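Visitor: Residue numbers (this note's numbering), protein chains in the order written: chain A, 587 to 802; chain B, 183 to 327.
None of these hints come from the bench; they were simulated from the model.
Remember, it's a predicted structure, so these values are computed and weren't measured experimentally.
Some hints could be false.
[Said to hold, decoys possible] Covered, in the sense of this in silico footprint (three residues per stretch, anywhere, with C-beta under 8 Å from a C-beta of chain B), are these stretches of chain A: (1) 591 to 599; (2) 605 to 618; (3) 761 to 775.
[As the list claims (entries may be wrong)] From chain A, some residues computed to sit far from chain B (all C-beta separations above 12 Å): (4) I631; (5) N640; (6) E660; (7) A671; (8) K704; (9) A711; (10) M729; (11) D747; (12) D749.
We put the CB at the ideal spot given by N, CA and C, even for glycine.
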Amino acid sequence: MKQKHLVIFSACFLLLAFVAGGLLYRSQKSEAALKAYESNKSTFIRQGAPTHGNPAAKVDIVEFLDPACETCKEFYPFVKKLMAAHPDKIRLVVRYAPFHSGSEYVVKILEAANMQGKFFETLEAVFSNQSNWAPNHTPQPEMVWNYIGGVGLDIRKLRQDMDTPEMEKIIQQDIAAAKTLKVTATPEFFVNGRPLPSFGFDQLKDLVNDAVGSAY
Amino acid sequence: MNAPTRAQDSSWALLFACWLIACVSTLGSLFFSEVMGFPPCVLCWYQRICMYPLVLILPAGMFPFDRNIVRYAAPLAVLGALIAVFHLLLVAGYIPESIKPCVQGVPCSEVQIEWFGFVTIPLLSGLSFLLITALLMLTHRRSSK
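Build the full structure now, drawing on both the sequences and the hints.
Guide: Have a look at this one:
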């Protein structure tokens, strides 16, 4: 009987340790992100990264996204709605986390479009045709060209811009930032440096509402 | 039925130790993948396939104590140890590129954690499997006397 108790006690203890460890890890991660945000904003906001909304807004949503990521596509209209609910109070900054193989090519297209001031138009075209060019998480990045014709980009210049060493540097910078901030899945959001407590639409909404509430 | 002897008690304790190692390894690997967000590579999955069942199989041999448990648990532990050794050799670079089994997703040669400069996930896994194997062998020798 004593042996049975020993096993049950051990199992409970180990499970509790697991849960407590998880909570501790999460709170440490979010504290570290917040510290990084306060001491060095450039980890979050790269100079020249695509932004949307009022540049003087007091609430920053930094989103790490992968153009081939389905959940990023699902979140996109939701983020837009959140911004519309608080006009001029939120600025969205997009960072790249090209975790799918083949995503980097699409990121280059997006960043080159950003140089032409058409990032979000291009992103919307890429997202709305995602199921065609990236079916079942296997991106065929060359196919993206078929879907961005309507955006009004200077395609010749875009192709030139894609192949510059600066482009490589931008991607490496974003990947390095993702690593520093422990972004392992997309989309990942930081609202004024705070990561989502757990993943979901509501969690993002609460985080944004809190930040808007305390900033305005 | 005989009351459990002293020798049986100590054999039971060895099995209990095996079970604890298996539990810690299982929860640890889940912590790496689910909490810290490291995607497991293919070889990690094969090692998980050997480790996770031990958490359930070992108690079946502990209540009531069954010395035959070694025959059910040892193959898993030995196979897991072999995969872990293969994984370690791959990370260390002793096994050439061409026989790497993983082409998609996370490369198995990627080092995701490195504590104190040498403790990696496959090293932890290998140690767990070898320790479990050793304790199982000890259990077998003690209980067959």
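Visitor: Each hint should be assessed against the structure and marked as holding or not.
Guide: Structure-based check of each hint:
1. Here's how the region 591 to 599 of chain A fares: 4 of its residues keep a CB closer than 8 Å to some CB of chain B, so the rule of at least three is met and the hint holds.
2. For the region 605 to 618 of chain A, the assignment as covered by chain B holds, since 4 residues bring a beta-carbon within under 8 Å of that chain's beta-carbons and 3 suffice.
3. With 3 residues having a Cβ less than 8 Å from any Cβ of chain B, the region 761 to 775 of chain A passes the three-residue criterion, so the hint holds.
4. In this structure I631(A) is separated from chain B by more than 12 Å, as the shortest Cβ-Cβ distance comes to about 23 Å.
5. Taking the minimum C-beta to C-beta distance to chain B, about 32 Å, the non-interface status of N640(A) holds against the 12 Å cut.
6. Every CB of chain B is more than 12 Å from the CB of E660(A) (nearest about 19 Å), matching its label as outside the interface.
7. The non-interface label for A671(A) is consistent with chain B: the shortest C-beta to C-beta separation is roughly 30 Å, beyond 12 Å.
8. For K704(A), the requirement that its beta carbon stay farther than 12 Å from each beta carbon of chain B is met, with the minimum near 33 Å.
9. No Cβ of chain B comes within 12 Å of the Cβ of A711(A); the nearest lies about 27 Å off, and the non-interface call holds.
10. Its beta-carbon lying about 19 Å from the closest one in chain B, M729(A) satisfies the requirement of being farther than 12 Å from that chain.
11. No Cβ of chain B comes within 12 Å of the Cβ of D747(A); the nearest lies about 30 Å off, and the non-interface call holds.
12. With a least CB separation of 26 Å from chain B, D749(A) remains clear of the 12 Å interface cut-off, as annotated.
In terms of the numbered hints stated before, the structure departs from none.
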